[in-house]
Amino acid sequence: MLDKLQKSTTPTSERNYQLAKWVCFTIFLLLIAFAYVDVGTISIGSNNYNLSLIRLNKAIAYTIAILGLQVVIGYTGQIALGQSFFFGTGAYVSAWLIADHSWPFLLTLLIVIPSCFLIGMILGLPALRIRGLYLALLTFGLAAVFPSIVKLDKLYGYTGGAGGKLTSNYKFLAPSWLPFDEVAQALQKLPFLGDFFGDGPLSTREESRLWKFILFSILAALCFWLVHNLIHSRPGRAMRAIRDNETSAAVSGVNLALTKTLSFGVASALGGVGGAIYVAEIGIASPDDFSSLVAIYLIVGLVVGGVGTLPGAVIGGLIYALVPDWASSTQSISFVPERWLQGPTGSLILGVLLIVLTLFLPGGIVMGWRKFKNKLLGKELSTAR
Amino acid sequence: MAPLLLVENLKARYGPVQVLHGIDLNVFDKEIVVVLGANGAGKTTTLRAISGMVETDGRIEIDGESIKKSDPSEIVRRGVAHVPQGRGTFPELTVEENLKVGAFIRADKDINVDMEACYQNYPVLYERRTQTAGSLSGGEQQMLAVSRALMSRPQLLLMDEPSLGLAPQIVEDLFTRFITINKEHGTTMLIVEQNAQLALDIASRAYVLESGEITIEGKASELADDDAIRRAYLGA
Amino acid sequence: MTPSVGHIWGLDMDLFLQRVFDAITNGSTYALIAVAMVLIFKATTLINFAQGEQAILGAFAVLQLWYWGIPMWGAVILGMLFSAALAAGLERVFIRKFDPADHLPLVIITLGLFLVINAIAAIVWRFDPQSFPELFPSGNAFTYNNVRLSWYSIFAFGSCVLVLVIFQTLLTRTKTGLAFRAVSSNLESSRLSGIKVGPTLQFGWALAAAAGTLGASIYAANPVLQIEPSMMLRALIFSVTAAALGGLDSLWGALIGGLTIGFVQSVVVQYIPFIPNEMSLSAAVVVLLIVLTLRPSGVLGTKAVERV
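As given, the protein sequences belong to chains A, B and C, one line each in that order. Going by this note's numbering, the first residue of the first sequence is number 1, and it counts up by one from there. Going by this note's numbering, the first residue of the second sequence is number 1, and it counts up by one from there. Going by this note's numbering, the first residue of the third sequence is number 1, and it counts up by one from there.
It is worth saying that the hints were derived from the structure and are not from the lab. None of these values were measured; they are calculated from a predicted model. Hints may be right or wrong, so weigh each one.
To be verified - Which residues of chain C face chain B? A partial, calculated answer using Cβ under 7 Å:
(1) 185
(2) 189
(3) 191
(4) 192
(5) 195
(6) 196
(7) 199
As the list claims (entries may be wrong) - Pair ranges (Cβ atoms, derived):
(8) C/101 <-> B/131: 23 to 31 Å
(9) A/100 <-> C/126: 36 to 44 Å
(10) A/100 <-> C/64: 47 to 55 Å
Each residue gets a CB set at the ideal place from its N, CA and C atoms; glycine is no exception.
Only chain A is shown next, with the shape it has when bound in the complex:
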């Protein structure tokens, strides 16, 4: 396997290799989906850890939001701390359209994306004139204020106030032509591994979950593909130039205002999409799900995954979706006093991760992995990102 990595230098074999990689990954993903379509638990000691499609769908929502942060922080170098604002906006807009106007989920994205993009661009206007830290302040303030805005009496009709907006009336029905049942039954017949895939035919709820997972994954893949192309296009190079040295970028002819605004717009749009997916998964949009703490957690995901890397968003999303939940599922570890496990251990761990990684592994897990891989292969790590 290792020497296959080194030998694939010709373009066609390189392309085939990439294709094979992606096909394997997709199959692997589908297997995971079928395995965890029901609520799956891992047990360590006396603790049960939940790993289900619900969590994974949440992870996808977070991943897309973090992808947005990769664009604005990772690739353009702007300190934007308000992603929860757009996450929430996308969620509420989508929820409102689904609940009050019976729009199908995918259609709501057609509104969410442009509106979040626009709002992001407008709110990014101050960024053009003020220095990094002031921008951080401003965006943090926006994130802090979002729950209050949503709870305003005036907007009650749209947002449902403190109680939130329910969308659970909308069912994600899996199209009947998809052979979920057949695949599930076939997987159950596998020797050894068959047990992982549950028993019997899939219920409607399970099929719906599976369908959601696949749908969201496709959306996520689309987003990644788009961002990947953006990064390698001219605006993308302009963004990276701004990140590396704003004055040099301006001097080399980069239109600072346009590029920054674009970057803010894209990041906000992605945040909105993530929010829409989030609300599609959990069925309700409520104010405290979009607090400034969420904004900070998204940053944790960004940093731990790896700032300025695309796979980092995936890792970040997983960490955000799993760590706090698993931390509160941990009821007892022999050497840790119970008190420490009952409190907000999740946020403690995330905070510690954030600090430790910034100190020792600034490129996040992704960069750490790349360096490790290259050390194994004895290659020099190229500095281009």
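Given chain A, work out where chains B and C should sit, using these hints.
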């Protein structure tokens, strides 16, 4: 006789860019030595290397003891004062406070005496002593910057392009002052300049730095007569 | 019928005056935490997002000391010292490693500290609101009909002004203060003058933390409030807005900013009909937005600071 400042095979870089490729220079006690060079030659880097602001390879010694691994605040305590390019005054602090900061490493009773002396040499600083340094003109800031450096009673004074941006008359007065300081206090000076004329007038020896390497060295008077130097740096 | 101060412009003057007093009271405590942010920003142009957390943690420490039987003001002083020591440690371990000019990692570290301190406070002291002992004599110094000026208000404001005067003296009359201002003014020249930048900044952090803790303690000592970890976010937003409004590098600006925010909270919000009460946090952020868009340097800050 051992030099006060010994620099041997000094290399320095900013990130991946190598600025100094191994330079040698000496400054003996009570001398005034000048380093000439165009923009980007590495003059500022040389001084910053000596005062500990950049990482370096090679030897840097004061009085025979290496200062390569020391950080700037220690190097000041070894008697080296650095007037950076662009004056480096503290714009929000008053003139008097600037001088006090200059004397930061001292705890003796003569600090006020030195301040008085500075005011006598530069009456305009006395007039403006409660004004913020940022409100001073370029020439006044330069006087302040030099005075501040002298407040630490240094053995070696490093100066980075003191004439930059100043009117010719002010520059002349400034350089005359340097000679006086050198004669009266015995302060050794290493001055880095683009303005070769005046610099060579007051110096005993000079070096020419080009693209991170020393290309010429010798007595200042000889360099001033040299045709190549005249063309390159004196516009003759 | 008791005579009241009367009605001016249709406003009940009694209520109005009461609210103004509230504004000054709360504003003073915001100002103290804002001073903490200003100190750190002055020296390093860093906004310490964990400042609110540090302040409330300090207040909790004071509470704990009081539970252990230490008399009130002794507990406050000890709490401030604890806070200062902790901040000095934080600076040394986490902040000093980074280049002050590179903002992103530093912001992220302070966000991480925000999470960690928040979590630790909640783990140790739980989430339930607790009564904070009174720091000042209770009751009112001055009553006129329905207008009450409590001792608490007077002392809160007085403490704030006192702290500002002390800090101002420290900064302008001591050698360490001079070093601090030198570092704020020109980092490189400070090094070249022999100032040890690390310890100087540490001193700033310690001072800032002490001020924040005092502010949080006074805020929590308000007879009508109880202390709880969720105060931290509000403390951060209010103090950051106050600091920005007054000018992020101006000490007295922090007082102006704090009083203004207090004013916005107690007076403006009450009198403008379409802003409901719970929007006071948002009102603060709106002020922040306005300040940062129109005049980022704030009321008393130095203009140069904000330009890209």
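Unmet hints by their number, sorted upward, for this structure: Those not satisfied come down to hint 7.
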